[in-house]
Amino acid sequence: MTETTAFPQGPIGRVSGRGLVLRGDDIDTDRIIPARFLKCVSFEALGEQAFADDRKELAGAHPFDQPEHQGASILVVNDNFGCGSSREHAPQALMRWGIRAVLGVSYAEIFQGNCLALGIPCATAMADQIRALQDAVEADATAEWTLDLHALSFSDGSTSQTISLASGSLDMLRTGQWDATGQLVARDAELTRTMEALPYLNGF
Amino acid sequence: MSSGTLYDKVWDLHCVADLPGGATQLFIGLHLIHEVTSPQAFAALDDKGLPVRCPERTVATVDHIVPTISQERPFSDPLAEQMLSTLERNCARHGITLNGLGSGRQGIVHVIAPELGLTQPGMTVACGDSHTSTHGAFGAIAFGIGTSQVRDVLASQSLAMSKLKVRRIWVENRLTDGVFAKDLILHVIRTLGVKAGVGYAYEFAGPAIEVLSMEERMTLCNMAIEGGARCGYVNPDQITFDYLKGRAEAPAAEIWDRAVAWWSSLASNDDASFDDEIRFDAAAIAPTVTWGITPGQGIGVDERVPISDQLDPADRPIAEEAYRYMHLAPGQPIEGVPVDVCFIGSCTNGRLSDLQAAAAVARGRHVADGIKAFVVPGSEQVARAAIKEGLDQVFREAGFEWREPGCSMCLAMNPDRLEGSQISASSSNRNFKGRQGSSSGRTLLMSPAMVAAAAIAGRVSDVRQLS
Ligand code: SF4
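Listed in order, the protein sequences are those of chains L and B. Here the working numbering is used: the first residue of the first sequence is 3, the next is one more, and so on. Here the working numbering is used: the first residue of the second sequence is 1392, the next is one more, and so on.
One or more of the hints may lead you astray.
Simulated coverage check for chain B against chain L, where a stretch passes if three residues somewhere in it have a Cβ under 8 angstroms from a Cβ of chain L [claimed, not checked]:
| # | segment |
| --- | --- |
| 1 | 1399-1407 |
| 2 | 1413-1423 |
| 3 | 1427-1437 |
| 4 | 1456-1462 |
| 5 | 1585-1598 |
| 6 | 1781-1788 |
Straight-line distance between alpha carbons at most 20 angstroms, and here's what the computed SDA-like set of lysine to any residue pairs gives [stated by the list, open to error]:
| # | chain 1 | residue 1 | chain 2 | residue 2 |
| --- | --- | --- | --- | --- |
| 7 | B | LYS1439 | L | GLY184 |
| 8 | L | LYS58 | L | PRO69 |
| 9 | B | LYS1439 | L | GLN11 |
| 10 | B | LYS1586 | B | ILE1669 |
| 11 | L | LYS58 | L | GLU70 |
| 12 | B | LYS1586 | B | LEU1507 |
| 13 | B | LYS1554 | L | GLU192 |
| 14 | B | LYS1636 | L | TYR202 |
| 15 | B | LYS1779 | B | GLU1795 |
| 16 | B | LYS1554 | B | LEU1410 |
| 17 | B | LYS1439 | L | PRO13 |
| 18 | B | LYS1439 | L | THR177 |
| 19 | B | LYS1400 | L | GLU70 |
| 20 | B | LYS1400 | L | MET197 |
| 21 | B | LYS1763 | B | LEU1702 |
| 22 | B | LYS1439 | L | GLY178 |
| 23 | B | LYS1439 | L | ALA119 |
| 24 | B | LYS1636 | L | ASN204 |
| 25 | B | LYS1556 | B | LYS1779 |
| 26 | B | LYS1439 | L | GLN179 |
| 27 | B | LYS1554 | B | LYS1439 |
| 28 | B | LYS1400 | L | LEU203 |
| 29 | B | LYS1400 | L | PRO13 |
| 30 | B | LYS1400 | B | LYS1763 |
| 31 | B | LYS1400 | B | LYS1554 |
| 32 | B | LYS1400 | L | PRO201 |
What follows is a list of derived Cβ distance ranges for each label pair [said to hold, decoys possible]:
| # | chain 1 | residue 1 | chain 2 | residue 2 | range |
| --- | --- | --- | --- | --- | --- |
| 33 | L | GLY15 | B | ARG1464 | 46 to 54 angstroms |
| 34 | L | ASP28 | B | ARG1715 | 32 to 40 angstroms |
| 35 | B | GLN1462 | L | LEU154 | 55 to 63 angstroms |
| 36 | L | SER162 | B | GLY1413 | 36 to 44 angstroms |
| 37 | L | ARG195 | B | ARG1480 | 29 to 37 angstroms |
| 38 | L | ARG16 | B | GLY1493 | 51 to 59 angstroms |
| 39 | L | GLU50 | B | ASP1700 | 41 to 49 angstroms |
Read the hints as simulated data drawn from the structure, not as lab findings. Built from N, CA and C at the ideal position, the CB exists for glycine as well.
Starting from the given sequences, assemble the full structure and let the hints guide the process.
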């Protein structure tokens, strides 16, 4: 597993890191994480199991196995990515492998919602723009790319492309509201006040 | 909108803040955790690098996956062993008390928290288990939550919640001999349906409720969720205080009077207003048995399986499905239906008084030939108390197996399960298809005394007729 950065937390303004291309339309969640990996006590092991069957078939040639892509964090895909079963294990597997943002033509709705709940933006651009970006990302595996949620751009300093995100998700990501836990943790001062006023916590 | 009810008062006391989007942040006074719904929540906490906010207000036990024949470690099921060791690790790491096997305090989460005195009036109680409504028996606001909410409570000791409406279930008169709280709640659910409580908290009140023991009130509130109500409660009174006094985690003697005064102030006011009220007559309720595949498909033991035409059109498709699945014919009397397995236990009916009621039926009698009958105490404390009274002997002599505490065949996440299309008489709370571990297994829900009567006769029988 190639976890390099912490999992998403709080407001998300930009994601920076190396890119990784996964070509093909209609890549479903069964391919992202095969069903047999769902019986587990934690999501921890899922990173190693991302695309397990595809990787086995390609015997080392899968982008997730190639040494130059270890540590990459922005996944560039094509159309209807994440279709099929609603399992939240799919974005969990991608996140645990190291992915922090996805860029593509379109996504299955449930997959996109599950990504949002983890703080992983699913950005979009037109089909031919995506193809051009995939070529650019593949041309230099070491290049640092930035997906900017304020400027709405994807760039490595030389190449730059305008991207979009559904306005609801964009807002939630930028303000950190995608994270229910974060919102609750943020009001700790109020929580403490509530606790101080509760008779059963204070000897009645 | 309700006002002046216990629910309103407790809600207001626990409000932390209004959240963007309209929900309320509610402080959770007691968070109960177990091995099944907590592991991924702890993992999510680690991902966010967050500590447990109030480990001292978090209490763990192990119940769902433990075997009831031999509890020796490691368990023979490696996944069960992994779930328990994961819980042990998580509790040790975060400083959470785990009431583990052999601690003397282990048992089904909804049995141990009350008996330890952890559950108290006026608290908010949450647990990753839908039968958390049980704790409402004390005048607590208690509800089940999902795994992502378990994570939220671990991280922040609070939840994003929306306020429920309050329906008062007013019960007149008294239950008659041989009729128990289980029959009362099965009757309520049968009358109102399994979805009627969605969006509501149920306040159980009235003369019939006021005389119920704490254990009976727990049975009642336990199954509020089966009627769709995420939480159910009874106003605290002298019976509540007497039960709590002297329990391990109950308020100490020096502060006891103040605690009682505060608890008393929480009961719904005489002039409280409810969103809704429905009245029942306890004296008119018979021992009740489910015949179908939802807890709402119940009938008096002296009634017949309903005929589809006589049902509300909305209830017909599920009735048709139930006839087929249960191999029961419309119009057939439920009394006399043969059973294969008899299970006494669960968080609904695995407490001492439940075992006493079943033992009273079993004493001096014997389980019918070919019937597998077993008793699973709800906790180590219940087991000890029952053994002290010799109940284990009564059951053994009557041909019942006496087991170690756990959820057992309530949900079959452990070795206790139905085989093939076996049919059980069960004191648990759910009769869904496949619930007891076989995809064609069938469940008849009833009180522990009725389960014992079924075991003796080998078929569904009216416990009132055994003298
Ligand atoms: S006894 Fe049954 S309902 Fe109660 S906690 Fe265990 S599995 Fe859930």
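Okay, the hints, checked on the actual structure:
no.: 1; hint: 1399-1407; result: holds (count 4)
no.: 2; hint: 1413-1423; result: holds (count 3)
no.: 3; hint: 1427-1437; result: holds (count 5)
no.: 4; hint: 1456-1462; result: violated (count 0)
no.: 5; hint: 1585-1598; result: violated (count 0)
no.: 6; hint: 1781-1788; result: violated (count 0)
no.: 7; hint: B/LYS1439 <-> L/GLY184; result: holds, 9 angstroms
no.: 8; hint: L/LYS58 <-> L/PRO69; result: holds, 16 angstroms
no.: 9; hint: B/LYS1439 <-> L/GLN11; result: holds, 7 angstroms
no.: 10; hint: B/LYS1586 <-> B/ILE1669; result: holds, 15 angstroms
no.: 11; hint: L/LYS58 <-> L/GLU70; result: holds, 18 angstroms
no.: 12; hint: B/LYS1586 <-> B/LEU1507; result: violated, 32 angstroms
no.: 13; hint: B/LYS1554 <-> L/GLU192; result: holds, 19 angstroms
no.: 14; hint: B/LYS1636 <-> L/TYR202; result: holds, 15 angstroms
no.: 15; hint: B/LYS1779 <-> B/GLU1795; result: holds, 15 angstroms
no.: 16; hint: B/LYS1554 <-> B/LEU1410; result: holds, 13 angstroms
no.: 17; hint: B/LYS1439 <-> L/PRO13; result: holds, 13 angstroms
no.: 18; hint: B/LYS1439 <-> L/THR177; result: holds, 17 angstroms
no.: 19; hint: B/LYS1400 <-> L/GLU70; result: violated, 60 angstroms
no.: 20; hint: B/LYS1400 <-> L/MET197; result: holds, 15 angstroms
no.: 21; hint: B/LYS1763 <-> B/LEU1702; result: violated, 34 angstroms
no.: 22; hint: B/LYS1439 <-> L/GLY178; result: holds, 13 angstroms
no.: 23; hint: B/LYS1439 <-> L/ALA119; result: holds, 13 angstroms
no.: 24; hint: B/LYS1636 <-> L/ASN204; result: holds, 18 angstroms
no.: 25; hint: B/LYS1556 <-> B/LYS1779; result: violated, 44 angstroms
no.: 26; hint: B/LYS1439 <-> L/GLN179; result: holds, 15 angstroms
no.: 27; hint: B/LYS1554 <-> B/LYS1439; result: violated, 28 angstroms
no.: 28; hint: B/LYS1400 <-> L/LEU203; result: holds, 16 angstroms
no.: 29; hint: B/LYS1400 <-> L/PRO13; result: violated, 35 angstroms
no.: 30; hint: B/LYS1400 <-> B/LYS1763; result: violated, 48 angstroms
no.: 31; hint: B/LYS1400 <-> B/LYS1554; result: holds, 12 angstroms
no.: 32; hint: B/LYS1400 <-> L/PRO201; result: holds, 13 angstroms
no.: 33; hint: L/GLY15 <-> B/ARG1464: 46 to 54 angstroms; result: holds, 49 angstroms
no.: 34; hint: L/ASP28 <-> B/ARG1715: 32 to 40 angstroms; result: holds, 38 angstroms
no.: 35; hint: B/GLN1462 <-> L/LEU154: 55 to 63 angstroms; result: holds, 58 angstroms
no.: 36; hint: L/SER162 <-> B/GLY1413: 36 to 44 angstroms; result: holds, 39 angstroms
no.: 37; hint: L/ARG195 <-> B/ARG1480: 29 to 37 angstroms; result: holds, 34 angstroms
no.: 38; hint: L/ARG16 <-> B/GLY1493: 51 to 59 angstroms; result: holds, 53 angstroms
no.: 39; hint: L/GLU50 <-> B/ASP1700: 41 to 49 angstroms; result: violated, 58 angstroms
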